[in-house]
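**Student:** Protein chains in written order, with our numbering: chain A, 8 to 344; chain B, 8 to 344; chain C, 8 to 344; chain D, 8 to 344.
If you're looking for bench data, these hints aren't it; they were derived computationally from the structure.
There may be inaccurate statements among the hints.
Identical chains blur together in the list; that is why a pair holds if it fits in one copy or across any two.
[Claimed, not checked] Derived pair list, reagent style DSS-like, types lysine-lysine, alpha-carbon separation capped at 25 Å:
(1) K331 - K31
(2) K283 - K266
(3) K202 - K283
(4) K13 - K68
(5) K126 - K150
(6) K77 - K126
(7) K100 - K331
(8) K284 - K266
(9) K266 - K202
(10) K84 - K13
(11) K202 - K150
Number of protein chains: 4
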Amino acid sequence: MIIVMKAGAPQTQAATIIEELKAKGLQPVPLFGVERTVIAVIGEERDINVGHLEALPGVEKVMRVVQPFKLVSIETKKEPTIINVNGVKIGSKQLAAIAGPCAVESEEQMEAVASSLSKMGVKILRAGAFKPRTGPYAFQGLKEEGLDILRSVADRHHMAVVTEIVDVRDLDAICKKADMIQIGARNMQNFELLKEVGATQKPVLLKRGLSATIEEFLLAAEYILSNGNPNVILCERGIRTFEKETRNTLALATVPLVKEMSHLPIIVDPSHATGKKSLIEPMTKAAIACGADGFIIEVHPNPSEAKSDASQQLTPSEFETLMKNIQPIVDAVGRHF
Amino acid sequence: MIIVMKAGAPQTQAATIIEELKAKGLQPVPLFGVERTVIAVIGEERDINVGHLEALPGVEKVMRVVQPFKLVSIETKKEPTIINVNGVKIGSKQLAAIAGPCAVESEEQMEAVASSLSKMGVKILRAGAFKPRTGPYAFQGLKEEGLDILRSVADRHHMAVVTEIVDVRDLDAICKKADMIQIGARNMQNFELLKEVGATQKPVLLKRGLSATIEEFLLAAEYILSNGNPNVILCERGIRTFEKETRNTLALATVPLVKEMSHLPIIVDPSHATGKKSLIEPMTKAAIACGADGFIIEVHPNPSEAKSDASQQLTPSEFETLMKNIQPIVDAVGRHF
Amino acid sequence: MIIVMKAGAPQTQAATIIEELKAKGLQPVPLFGVERTVIAVIGEERDINVGHLEALPGVEKVMRVVQPFKLVSIETKKEPTIINVNGVKIGSKQLAAIAGPCAVESEEQMEAVASSLSKMGVKILRAGAFKPRTGPYAFQGLKEEGLDILRSVADRHHMAVVTEIVDVRDLDAICKKADMIQIGARNMQNFELLKEVGATQKPVLLKRGLSATIEEFLLAAEYILSNGNPNVILCERGIRTFEKETRNTLALATVPLVKEMSHLPIIVDPSHATGKKSLIEPMTKAAIACGADGFIIEVHPNPSEAKSDASQQLTPSEFETLMKNIQPIVDAVGRHF
Amino acid sequence: MIIVMKAGAPQTQAATIIEELKAKGLQPVPLFGVERTVIAVIGEERDINVGHLEALPGVEKVMRVVQPFKLVSIETKKEPTIINVNGVKIGSKQLAAIAGPCAVESEEQMEAVASSLSKMGVKILRAGAFKPRTGPYAFQGLKEEGLDILRSVADRHHMAVVTEIVDVRDLDAICKKADMIQIGARNMQNFELLKEVGATQKPVLLKRGLSATIEEFLLAAEYILSNGNPNVILCERGIRTFEKETRNTLALATVPLVKEMSHLPIIVDPSHATGKKSLIEPMTKAAIACGADGFIIEVHPNPSEAKSDASQQLTPSEFETLMKNIQPIVDAVGRHF
């Protein structure tokens, strides 16, 4: 921790701070520079209330030296975390291909998509039963009925299920039916939800918030790990920027950057990141090329009839083409499904 | 609704869309332009699934003509909504001054701040009992104990209480103790929470999400109104941008813009918007000057000892100075406390 | 300057850096923390090549302690800079009201607007002769002819002229005709232009770039001052964000923040910041309330016929109403025109 | 073009607009909807002054149907543009590998880097002689002397030269020495510069502005084409967002999106996009995987001694490793150097 005093702050202000830090068992080292006094503090930075220091008289700013997360950090655990979901070892050389419609709409719809996908070797089925929608008049999901459909269809095709939770009160119901719980972008900082899924052992697919920094993204994962659940898969799904030609801006550098900072696996969602069918394949290729551990793509038997996200869902046949077209890249990076 | 066909899309594609729209009781008007065919659609736009249309063959894009919200719209209700909280008529000429610490920390702390504030005429006390914190190791609030302290201290000083809800399961407890429920920025799109507070009649202080557009902000309010609760007070609290000198970027044009679009009152939070003590007073003045219906400011008896947001909380005495210094602006706009 | 070494970096790497810094006459102080070694460096930080240090083996990051600008800093010059333009002392208690059309379109248009504005007491006339337009097919300005019109009309009404420069080769022509040179948002980091206007003594109205940080904004001003011209007036004109309801996002906290960091005057451009006529008056009030030294507003005798920015220009009569309506705020902050 | 009238606007306002449009030879079609009147306009949209229409009484907003650019559009020219620079056919199956230091610092430095790069098969050498720097105290380049060094070193190794222009007055000097002219991100909307390079026939490497939309990016290219120079190579180099872990946010979806919208080639700059050595290789792989026509990477014989961008420049040996490691991706997409 580095405390920068204001230009011209009287030495007594620095002295008071130094005394206080010493009293807390920390080791403050004052440095008298040309323009400012700086106090370097040796000790466990994460235990220090930065705001308190910033509020003290004479302090201009306080700068952290270390990242504020611990359990998710690669400094805490060097080897990558591998999470097994239905035989897919996410975080290993095996890539996770997760696919399915935006929302569960009917037994027929799910059966159509699951039978197609399972034949292509997809082992994890996605679909929302509880839907977070921007406006109250949009389709909000089939809820418990959707969970039942999802489970029975997935069982029939030996697939695992990942589905989104939007309310802590649904946790038990979802845990019973799903193999992996998705925390959506809008809930990445729903801390009560993070704590609750942290209290289970279910794999959690944690999507990056629309405007979350990478630090906040990893701190959200830290909430889950610190509550006891080590099974977190991160998901980069695009951030909000000034650019409106795409639904979001897919920040792919997040993939290698997170791999430098954390041991957790990270996959990419090119459907939500772009919002455009034609961009899904090139962005999937790019994601795999730069080291993503997999992808989650929206596939619907009849996209134009979908009750949500119609314009970004692929047909099973389009998805099959994508799987074929990305194979050379998968081979090039020495990975497999 | 305007449907723009791709350049060179065969006329049969437009014809198919036109048939479908007619079958749904809408009135499509095809326009054959130089470069593209455009289909203008007359009818209730909010009932149309835009994604569905965008996903049809030959469609380049679909453009909305009207705003997607209805109940919050000024077109639905011309006269401003006024919400009475402890005698403060929010949305009228009377300005709402809401103040108090970031978090309830103890009976003593709350007593100190409430007794000071009530003497200055502040009628609404803010303080968090349940705290949404970026990292899991930060102070998470006193929870139910905090609510009790907040209530008893407020009662003693004849103040109303506004406090944040972060978990739907706390709704009953909060409704019992609070006069106004705050939905924080990170929960602006926690739709289950919006529905639940929408099912009460408590005034709701709805803060704008960090990266929410004004349309999304108003749609979040629409969730509350459409569930039966008309008592929503909007709060602009800064958005996330590339600029890091301030904690957020206070987008003050939101105030007059929302007043053009909606009948709901809107206040400003200069504490979170700036994150810097010295900027709170000038931004409060600016907010009042451009038509805000009030403000919410963090005040702590001893900011440097605060367990959260230490660097942006004012002392009661600093807040008293602020109240004095903003008075000429309050007078200039013809308002009062 | 603080150099943070990577966790586990061998001590020899820190030792090498320390030797190098000493050889350069700096005073490095190594601090051996729990997780990392940190080297605090005492000496003139602005002379150190940060990139060089960041590139050395074992270095995780380098953190600056002081701001990289000097001449524009309030630490260099405590008293505010006041710049006299046609009797308007910009930066003093006297507010600068700058108005006029987006572009010079004809003698008649300029005469109409100047005669109206001068009667209202406006002493500085704005209008572009050289127009930076997003697309090549838009009106690019009357160029030299526009300058001549601008000058003769302004002289007739005893007004000063501010006009934009978009090409270094026009500097002489503009210096001959204008009293203040505007550097537009798109040229804020056109460093050659900054150096050239820095070599004159003309007052420079420097607009903030669309995505410039406040630090970059002040560094752009530092270019002008360091080339010998102390007469810089800053202008906050909105930044680019995800929000599209307004043309830009007016970041008004820039005003008091810049006043804490710099001695230069700062005005606000509510026309470009909002792009909407109805928001200009409230944002002008807000700007004055939070301490702006003036404003620049687009006024056109017949806005709907304007060749550029038609939708955000006020008529002279609308501007007159604005001037009347803002007067109570002007009085409230103890300023005058 | 679609004109949306305000709710409740009197029919006479629409009638006036319709008359005006007809008088201009356009074909307005009024549509009387439930909530609003909409006027669809058939005719050449690019010739209409949108601002004028927006400023007319009763108009709520005006929506464009077609893109505002023409010459760069794929609708104007279906086949991809291929630009030959020193035998590298940019835009074809052949990938452009452009490398070299941030700045020309000396004959020795350039000789070292060029001899290494040419041996690896790199045919286009980059280096800046005129440097746009954020602050005035940073190294500003060797200018004409730098150009001479660049040319003579490149000639010795049979390489082409790309170098940045920052001032129109340097155009002749640069045209004499360089084979391709770079317009940097900060000058993407320096329209006078665009016009001048548009008047030459030199290939232009046009970098996307920090906060330029894709539409603005293509309009900048349109400036060059409309002035007569068809040889434009676009370069995605990252945009400015709230995320600060990387220098910029590399928006890779720009690559396939631009290929849908334009016939111009597009390459990627992973050095500036990330600002971190370790991210350059993964982002180069991702760029090639999603269809980029090449890349431009900073390589310096001794990065830590570089006078600018030290932390993001690779050594020749690191670059050699990158070239080897990306080869499987290059093969996978069926391209070659």
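**Student:** Decide, hint by hint, whether the structure agrees.
**Tutor:** A quick look at each hint next to the structure:
no.	hint	in the structure
1	K331 - K31	neither (61 Å within a copy, 38 Å between copies)
2	K283 - K266	between (27 Å within a copy, 14 Å between copies)
3	K202 - K283	neither (34 Å within a copy, 30 Å between copies)
4	K13 - K68	both (8 Å within a copy, 23 Å between copies)
5	K126 - K150	neither (27 Å within a copy, 51 Å between copies)
6	K77 - K126	neither (41 Å within a copy, 45 Å between copies)
7	K100 - K331	both (18 Å within a copy, 21 Å between copies)
8	K284 - K266	between (28 Å within a copy, 14 Å between copies)
9	K266 - K202	within (24 Å within a copy, 38 Å between copies)
10	K84 - K13	between (39 Å within a copy, 16 Å between copies)
11	K202 - K150	both (22 Å within a copy, 15 Å between copies)
Violated hints, listed in ascending order, are 1, 3, 5, 6; each of the other numbered hints is respected by the structure.
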